[in-house]
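Novice: This is what each chain is made of:
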Amino acid sequence: MKALRYLALSIAAVLFLVPFYLVVRNGLVAESEISAPSWTFLPSAVRWENFGELFGNPAVPLVRSMVNSLVVAVLQTAGQLLLCSLAGYGLARIPYRYANVVFYFVVATLMIPAAVTFVPTFVVVSTLGWVSDLRGLVIPGLFSGFTAFLFRQYFLNFPRELEEAARIDGLGHWGTFWRVVVPNSRGFFAALGVIAFVTSWNQFLWPLVIAQDQDSWTVQVALSTFLTAQSINVHELFLAAAVSITPLVIVFVAMQRWLVRGVTETGIKG
Amino acid sequence: MRNGRAFWLFVGPFAAGLLVFVYVPIGWSLLLSFFDARNTVTPTEFVGLRNYADMLTDGPFLSSLGTFSVFAAFIVPLTFVLALALALLVSQISFMQAFFRSVFFLPTACSYVVASLVWKLSIFNGLRSGLANTVLGWFGADPVAWTVSTSPPWYWLVLVTLRLWLQLGFYMILFIAGLQRIPAVLYEAAALDGARSWQAFRFVTLPQLRTTSVAVLLLLLIGAYQAFDEFYNVLGTDRGYPPFARPPLIYLYYTALGSGGQDFGHGSAGAVILTLLIVGVTLLQGRAVRR
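Chains as they are written, first to last, in the UniProt record's numbering: chain A, 1 to 270; chain B, 1 to 291.
Keep in mind the hints are simulated off the structure, nothing from the lab.
Ideal Cβ positions, reconstructed from N, Cα and C, are used throughout, including at glycine.
Fair warning: there could be bad hints in the mix.
Stated by the list, open to error - In silico SDA-like links for lysine to any residue, alpha-carbon gap of 20 Å or less:
(1) A/2 <-> B/91
(2) A/2 <-> B/44
(3) A/2 <-> B/197
(4) A/2 <-> B/238
(5) A/2 <-> A/20
(6) A/2 <-> B/201
(7) A/2 <-> B/97
(8) A/2 <-> B/183
(9) A/2 <-> A/12
(10) A/2 <-> B/71
(11) A/2 <-> B/196
(12) A/2 <-> B/199
(13) A/2 <-> B/99
(14) A/2 <-> B/200
(15) A/2 <-> A/18
(16) A/2 <-> B/54
(17) A/2 <-> B/94
(18) A/2 <-> B/88
Stated by the list, open to error - Now the stretches of chain B that chain A is said to cover, found in silico as 3 or more residues with beta-carbon under 8 Å:
(19) 81-94
(20) 104-117
(21) 173-186
(22) 220-231
(23) 275-285
So that you can see chain B by itself, here it is in the shape it has in the complex:
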């Protein structure tokens, strides 16, 4: 069959890679998750569902899901609202529009590692002379030890503002693209009906942005779920990672690859649970969109 050969010529190399680097790892992990596998990636002793039972009754793993929930509760709505606000502001001006759009988008060029450096050692370095503490000082407030203070947990402010700075521009671009797809006729009709600007926003802009909004919310949620870089770099020190504020991937990283011994059995069980959770959310979202 000639088409078969042509098809595999195009798709074959990619499909083979997907098999080896996505399907085989997941399959292998599924296998490992039923075994005891310490400091080795070959299954040693069959333990049935014990790794899963350990993970689901294990305080640290469950509290990592709690940490993710707290982080998501802050970062998802804040990014959504502020990115939409920036998009509206930028698309309502004409003079210097490209300049403002570029400025807000520029942090996308920055890695989480570099942003963590600025946040941890410059803005929120906890010294009296740190930028954030200097600003607090203007209002007569005492300096705060941002990244190491747990009551109240000021480190959340550090982590949330960092991610906001890095990702707002990206989502602003998505909202701008969504706004541009709204037909001008709709606004003209609304104006004819005597709609005020907030009414136009409420009854034209928001409903027309529905597809964009759902996509943005899902991307934000998945992004928060995978949070690792800024947690690792802002809170990690040469003495290791503190026992608090461990989102799922940080927890998995230290379980499977940490200095305390590599535990691939529990690490794999954790990866399987996280994968099932995210697949579940994606499927639910798919259903919500199709409706």
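With the rest of the complex left out, here is chain A:
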């Protein structure tokens, strides 16, 4: 029984890893080997010079699009954490006459997935003149009702004694939040931050809609353009894909603990 479990898990693990292997394999072989008459698991030769070829190809804006993706992901992660944690704390801890009204105003947006309203959002963002603009890529994604809601639930369970001690030391809401609440919630911030970063790096529909000039492409839009048009060599496309996953694989290995926590927090508690 135990051996059977390990057998099943091992087969599944191989199936899960093959696509990753294919990205690297196809990225490091000669073009002729991708369309060879018969498929081989191991390539006959590994061509490291593919890297030089890819980064030296002016038709593939890989570096530019990776930088765009990084800027968007960092700004979105930082901005979302800042705005949503402040809002969540205010909703959880500051008694105010209209707090309930504002809370319903936030919760009502939870029922509407952002992707479904991409046409309406595009209409507004294009009126602001933010098409093919960093502001258009970053700002609409900052206001996640879901993240604010998760922060509120988290702060509701934050130990009140810590806040009361800060109050006795003469700190107001603002000082309490920054000097006591945030430093004691690092794990929660890390968990939601990793999720926000991964989501932002991998998002596709919104950048596709808004980043219309090549200079504003994120890496996903760049890859997709070459994939659907098939306008560059297939091995270059695979190598570019391998390069584009690398930042996230590093995040996954370094932050897996927070990531797993983030998944459980965002998946179930909502």
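Given the structure of chain A, go ahead and fit chain B onto it with the hints provided.
Specialist: What follows is chain B alone, placed relative to chain A:
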């Protein structure tokens, strides 16, 4: 009122953003949906409910809902069962548990675009030498032109396996978290009563996973409803998107932003209908959970 100032200091910036980037767009779209608005985002000619009537009698929009239903009918139960199976397998072993969990979770790091690249140009590339066709060849079967074959519609196999690979690990983590919350006492009591392992699963594990299961089903359904990335990248070509297999967001994308002219009146009406449908489902689910 001092609390009022503190409250708005914390909540104000977020609430203002929500207003501008969620409420205003929806309101504006609601307005646009009653107007003719081609290649412009300002309402031009009032047409009443015509855009809605067009969408609801329009073959392509309704068939996009049909496409979503087919996709959901495959992906929701398959992901549910396989993610639960992986979670059970992983949580029943001790040696190398972290390794297997990480391997199954790793595809979450991959974007739909990269997965589409692997599925479309490597595994299911339709060449005799493609990986899937090579495997078929071992059993003496003829090669299949996966992404472009409509009878039988093999592209479903491509799209469903792609999403399975990408999302199974995520849902496995949710099930593992759910399994960990089940008190061990319940299994001890079941064992004392002489329950076999499948009985323990049927009468302890499944009922205890109820909350997790409902959440997982809803997330899967909403995810399938918003499917766009893999359809666009696997089936789209430089000659455009094929006329079949268009889920709602693909259909909206080509209506509102396609090269054939931007039609924001119909696009907005479609967005409003899709929003109402998903809100309806969420409210129904909320009711089912509270019961």
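Novice: Hint by hint, say whether it matches the structure.
Specialist: We went through each hint and held it up to the structure:
no.	hint	result
1	A/2 <-> B/91	holds, 12 Å
2	A/2 <-> B/44	violated, 69 Å
3	A/2 <-> B/197	holds, 14 Å
4	A/2 <-> B/238	violated, 50 Å
5	A/2 <-> A/20	violated, 28 Å
6	A/2 <-> B/201	holds, 17 Å
7	A/2 <-> B/97	holds, 13 Å
8	A/2 <-> B/183	violated, 23 Å
9	A/2 <-> A/12	holds, 16 Å
10	A/2 <-> B/71	violated, 35 Å
11	A/2 <-> B/196	holds, 16 Å
12	A/2 <-> B/199	holds, 19 Å
13	A/2 <-> B/99	holds, 17 Å
14	A/2 <-> B/200	holds, 18 Å
15	A/2 <-> A/18	violated, 25 Å
16	A/2 <-> B/54	violated, 59 Å
17	A/2 <-> B/94	holds, 11 Å
18	A/2 <-> B/88	holds, 13 Å
19	81-94	holds (count 5)
20	104-117	holds (count 14)
21	173-186	holds (count 4)
22	220-231	holds (count 5)
23	275-285	holds (count 5)
Hint violations for this structure: numbers 2, 4, 5, 8, 10, 15, 16, all remaining hints satisfied.
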